[in-house]
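Participant: Letter by letter, the chains look like this.
Protein chains: 2
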Amino acid sequence: MENIKKIKGGVLAAKGFKTCGIACGLKKVKKDMAIIYSDSPCSFAGVFTQNIVAAAPVVHDRNVVKNSESVHSIVINSANANACTGDQGLKDCHETAEYLAEKLSDENKKIASDQVLVCSTGVIGVPLPMDTMKKGMDIAVKHLSSDMKNNEDAATAILTTDKVKKMIAYTFDIKGKSVSIGGIAKGSGMIHPNMATMLSFITTDANIDKETLQKLLGSSIRDSYNMISIDGDTSTNDTVLVLANGESGCEKLVEGTEEFETFKTAFDLVHKTLATKIVKDGEGAGTFIEMNVTGATCDDDAKILAKSVIKSSLVKAAFFGADANFGRILCAMGYSGVHFTLDTLDLSFSSKSGGIKVVDKGKPIAFDEDLAKKILLEKEVKVLASLEDGDGSATAWGCDLSYEYVRINGDYRS
Amino acid sequence: MENIKKIKGGVLAAKGFKTCGIACGLKKVKKDMAIIYSDSPCSFAGVFTQNIVAAAPVVHDRNVVKNSESVHSIVINSANANACTGDQGLKDCHETAEYLAEKLSDENKKIASDQVLVCSTGVIGVPLPMDTMKKGMDIAVKHLSSDMKNNEDAATAILTTDKVKKMIAYTFDIKGKSVSIGGIAKGSGMIHPNMATMLSFITTDANIDKETLQKLLGSSIRDSYNMISIDGDTSTNDTVLVLANGESGCEKLVEGTEEFETFKTAFDLVHKTLATKIVKDGEGAGTFIEMNVTGATCDDDAKILAKSVIKSSLVKAAFFGADANFGRILCAMGYSGVHFTLDTLDLSFSSKSGGIKVVDKGKPIAFDEDLAKKILLEKEVKVLASLEDGDGSATAWGCDLSYEYVRINGDYRS
Chain A
2 MENIKKIKGG
12 VLAAKGFKTC
22 GIACGLKKVK
32 KDMAIIYSDS
42 PCSFAGVFTQ
52 NIVAAAPVVH
62 DRNVVKNSES
72 VHSIVINSAN
82 ANACTGDQGL
92 KDCHETAEYL
102 AEKLSDENKK
112 IASDQVLVCS
122 TGVIGVPLPM
132 DTMKKGMDIA
142 VKHLSSDMKN
152 NEDAATAILT
162 TDKVKKMIAY
172 TFDIKGKSVS
182 IGGIAKGSGM
192 IHPNMATMLS
202 FITTDANIDK
212 ETLQKLLGSS
222 IRDSYNMISI
232 DGDTSTNDTV
242 LVLANGESGC
252 EKLVEGTEEF
262 ETFKTAFDLV
272 HKTLATKIVK
282 DGEGAGTFIE
292 MNVTGATCDD
302 DAKILAKSVI
312 KSSLVKAAFF
322 GADANFGRIL
332 CAMGYSGVHF
342 TLDTLDLSFS
352 SKSGGIKVVD
362 KGKPIAFDED
372 LAKKILLEKE
382 VKVLASLEDG
392 DGSATAWGCD
402 LSYEYVRING
412 DYRS
Chain B
2 MENIKKIKGG
12 VLAAKGFKTC
22 GIACGLKKVK
32 KDMAIIYSDS
42 PCSFAGVFTQ
52 NIVAAAPVVH
62 DRNVVKNSES
72 VHSIVINSAN
82 ANACTGDQGL
92 KDCHETAEYL
102 AEKLSDENKK
112 IASDQVLVCS
122 TGVIGVPLPM
132 DTMKKGMDIA
142 VKHLSSDMKN
152 NEDAATAILT
162 TDKVKKMIAY
172 TFDIKGKSVS
182 IGGIAKGSGM
192 IHPNMATMLS
202 FITTDANIDK
212 ETLQKLLGSS
222 IRDSYNMISI
232 DGDTSTNDTV
242 LVLANGESGC
252 EKLVEGTEEF
262 ETFKTAFDLV
272 HKTLATKIVK
282 DGEGAGTFIE
292 MNVTGATCDD
302 DAKILAKSVI
312 KSSLVKAAFF
322 GADANFGRIL
332 CAMGYSGVHF
342 TLDTLDLSFS
352 SKSGGIKVVD
362 KGKPIAFDED
372 LAKKILLEKE
382 VKVLASLEDG
392 DGSATAWGCD
402 LSYEYVRING
412 DYRS
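Chains A and B, in that order, are what the protein sequence lines are.
Following this note's numbering, the numbering of the first sequence begins with 2 at its first residue and continues without gaps.
Following this note's numbering, the numbering of the second sequence begins with 2 at its first residue and continues without gaps.
Heads up, a few of these hints could be off.
Intra- or inter-copy, both count: the list cannot distinguish identical chains.
[Claimed, not checked] Cut-off 20 Å, straight-line C-alpha distance, at most; resulting in silico cross-link-like pairs (EDC-like, lysine to aspartate or glutamate):
1. Lys364 - Glu248
2. Lys358 - Glu291
3. Lys364 - Asp88
4. Lys110 - Glu405
5. Lys362 - Asp88
6. Lys253 - Asp210
The hints are simulated quantities; they were obtained by calculation from the structure and are not laboratory data.
This is chain A alone, in the form it adopts within the complex (with noise of 0.2 Å):
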């Protein structure tokens, strides 16, 4: 870990990737279309949504995933998510990866347009206007470069109904070489991923090849975006795509040895935390909820439990009014299909403001209410469910359900 720097940079934190944001008509105002470029070839990796209602470029990527052997870019619109568009969805992804990669080639390079990716977000069963997507492509080509304001670009160009701009980057030292592993995130609502998230593109400059990188991403999602809800819905468009160019020079990754190990834990850092960034913008959220469960029978038991609390709507509620309901967070544990010992359970409450204990070995003990709402008031809390039933361990992400998310969600057409 003392090797591992956050830096600036996002998806440009890694040598060799360019980017760019731009606005191109399909919100009335604000950016809406995003590249991601490399000139080398790269290897990627690639995971999607579990909805069988997958969107059209889903549907693309896949394909591309499957197939293709590298890649060179990566285009993303926001407002329109291409999905519920039936066959016309699905050639208007065809046609924006033949049209972008055109755009890219030259006498030189050869792009194909199996070496691009495509990816929407928005509103759900309007066709995707391609002449304005052509229009965008023709201008954002144009503004690809590496230099630092163009991430923030991207990482704008991506939102929906997010307010703040998602981006983390890490560098590390494999044997002398410096490598970099950055990426940029959107999620709002529509929230509960299952295999991956909304929107989350990551670049590095480390050499590792395809196989390896997929098996990579599918171990790291399972402790970052799929332990995340802000609605308990799973979108039709989640994606999480990798990008890794192998720039930095430094020799291939091989799993087993140290450095792969160095490398994986920055690679997990950087979805963990572009996750938790996702939910800390979730629509509405004014409270950052971090749920604790240890000594569950298994990991995965210990996950299922604390998913079910945060995805509790009665539970984001109670933390909306900064009530200590610790039965609510009983009741979701109950409810999770999960056996657990309740006469072992211990539960508790904790933030910046202190701690407090409310359940001990399944009892509720007196506390201190005052002290127990300052505790919830602040921006972020975690809560502790501790059980004696064996080893198993887990954390999730959620936030509380407020007004402004009815609010936004009885408005929007997404």
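On the provided structure of chain A, position chain B as indicated by the hints.
Facilitator: The following block gives chain B in isolation, referenced to the frame of chain A:
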């Protein structure tokens, strides 16, 4: 069906039952205790929450259902759920049953404590104040009567955040004998029954044995309480109890006979009516949503699809905004875990203001947004998802997600 008539009376519609609803002091002013009583011993049945953090009265009643041949009475208190109250909670249940059994016994009639069922609803994690409970029972037994006004008092006394009383009764002829069945229920928040709902009490003067009644109840709840959701939270206290005292003088109901089918039809009607009444009075509910799925692979798949839609926070918020957001409905079906063919799916909305088709063979179709708004602004809206994967069909009932839901649950420690 033409034989079955809706009548007034709730739990007093059937002969030989008495009830009352009084204020014993668990709530500040309002009624908070009800007793249902039959002089004759009753055949009975019960189904309970599957939440493993089951409240003490659920544990108590499960034992009664398992071990007792007949019961005479149910005592219900609101304001305190006697949940997460440890061993003391269970002791308090036994003491309540013993105390009431004693009160209801005289030299001619000995009622045992295991012939008394106990139900509670309200705040979780606070011990039941037994002095208040006993004083309440002292008063309540004196008020027991078959006066129709008492049914309303009982239906009122079991409420918490509910706004309206929920009662229903039907009568029908069984070989010349007039038989009745009726019930009262409460529910409002923490409503996502699994095997049962919040609290629902049914009485009948039919002659039916315990085993048959339990089987009938198990089947009836699958299409009634188990198909509603207000907030996706399965309570610690969900309980449905049915008492049958045989006082109609009708002959014993035997499966496979026409008489049994008549009783079953009325029985199912009572449960379905109470279940939909619970949803209509959901916390903060403004729109009652009926989600119909037809043409699914099987009925079980149709149920999962229908419930996934009414559970979705985003779908619920869209109804709050009267937004014909078919994309969120398809999305919720997509992540339900059940397979269906999107390419043959039709989707439409209807209410007393008309009907409108929004998806045809999986593709969005242009529709009149003004008409859609008008349809969705009605208090009761139906959604029909018509598939071509098989003969499975199901209906689920839910409600919108409103500011009011958040307000109630940010304030109320339940």
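Participant: Run every hint past the structure and note whether it holds.
Facilitator: Hint-by-hint comparison with the structure:
no.	hint	verdict
1	Lys364 - Glu248	neither (57 Å within a copy, 44 Å between copies)
2	Lys358 - Glu291	within (16 Å within a copy, 42 Å between copies)
3	Lys364 - Asp88	between (57 Å within a copy, 9 Å between copies)
4	Lys110 - Glu405	neither (49 Å within a copy, 59 Å between copies)
5	Lys362 - Asp88	between (57 Å within a copy, 12 Å between copies)
6	Lys253 - Asp210	within (8 Å within a copy, 74 Å between copies)
Checked against the numbered hints above, the structure breaks hints 1 and 4 and satisfies the rest.
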